[in-house]
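> Just so you know, the protein sequences line up as chains A and B, in that order. For reference, each letter of the first sequence is one residue, going 87 to 213 in the working numbering. For reference, each letter of the second sequence is one residue, going 636 to 762 in the working numbering.
No wet-lab data here; the hints were simulated from the structure. All clues stand as given, with none of them false.
Quick look at which bits of chain A chain B covers, simulated, 3 or more residues with Cβ under 8 Å:
hint	segment
1	114-128
2	139-152
3	193-199
Fair warning: this is a prediction, and the values are worked out from it, not measured in the lab. Backbone N, C-alpha and C define an ideal beta-carbon position, used for all residues, glycine too.
Spelled out from the first residue to the last, the chains are:
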Amino acid sequence: MSYLRTPLSKAKGLGSAKTGTEHFWMQRITALALIPLVIWFCMSLAFLPDANYATVVSWLSSPFNAVLMIITLIAGFYHGALGMQIIFEDYISTHSTRIIAIIISNLVLFFFAALGVFSVLKISISG
Amino acid sequence: MSWTDKRPLSPHLQIYKLPITAKLSVIHRGTGVVLTLGLILLSMVLASIASGESAWASVNWLISSWFGYLVLIAFTATLYYHFCNGIRHLFWDVGKGLDLESAKKSTALVLIATVVLTVFTWVIVLF
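Work out the full structure: start from the sequences and follow the hints.
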């Protein structure tokens, strides 16, 4: 599409970062994935007989539950990171502040996603 | 036109009465942010389970308190709202239900479904 750009826009080098479609698409894909996952998550927790350590660990030790929990975390954090990015892009008008906010948001969310996934693995393998 | 002119300039956020559909849209973003924070809490809870029985006991004490229940019920309603309204967004994405009449109907449906799902889930938890 470069032939449609003006010489000024070429010189400035701004414009599409070429990942907008993927952002939009992945937000929808993770949303779709989260529909059954959210139902599973809420119903599983609601139907737990109690919240004792043994009960919780044995529930997360099941490979089925562990995998679904990991997938829920990944889809959820991915969906959340994409959403937060849109909010920063919409409401922070200063370019540098916006970029910094998005980077910090992504790094923090990546850390907590890793923390959650690792914790589930540890519980399910050693628990 | 001078500044002494009292006529309204344009529908500004502070004087413009948002239609119900616009309010739901704002709430969708708000709940999205809250749920992202909720995911961070979920990872911390999972990390506490992975850290052993005593760590989980402290966290479970907090969760089982009246304050913990209040927070959990609020998160349940927040999640179901974003869930229901998100499904509505997915229908809109494929071009279904975009006319005003359908949008009003689905607005009511989203609000009713949120309440029903939240009550249903907590009936399972408490009884």
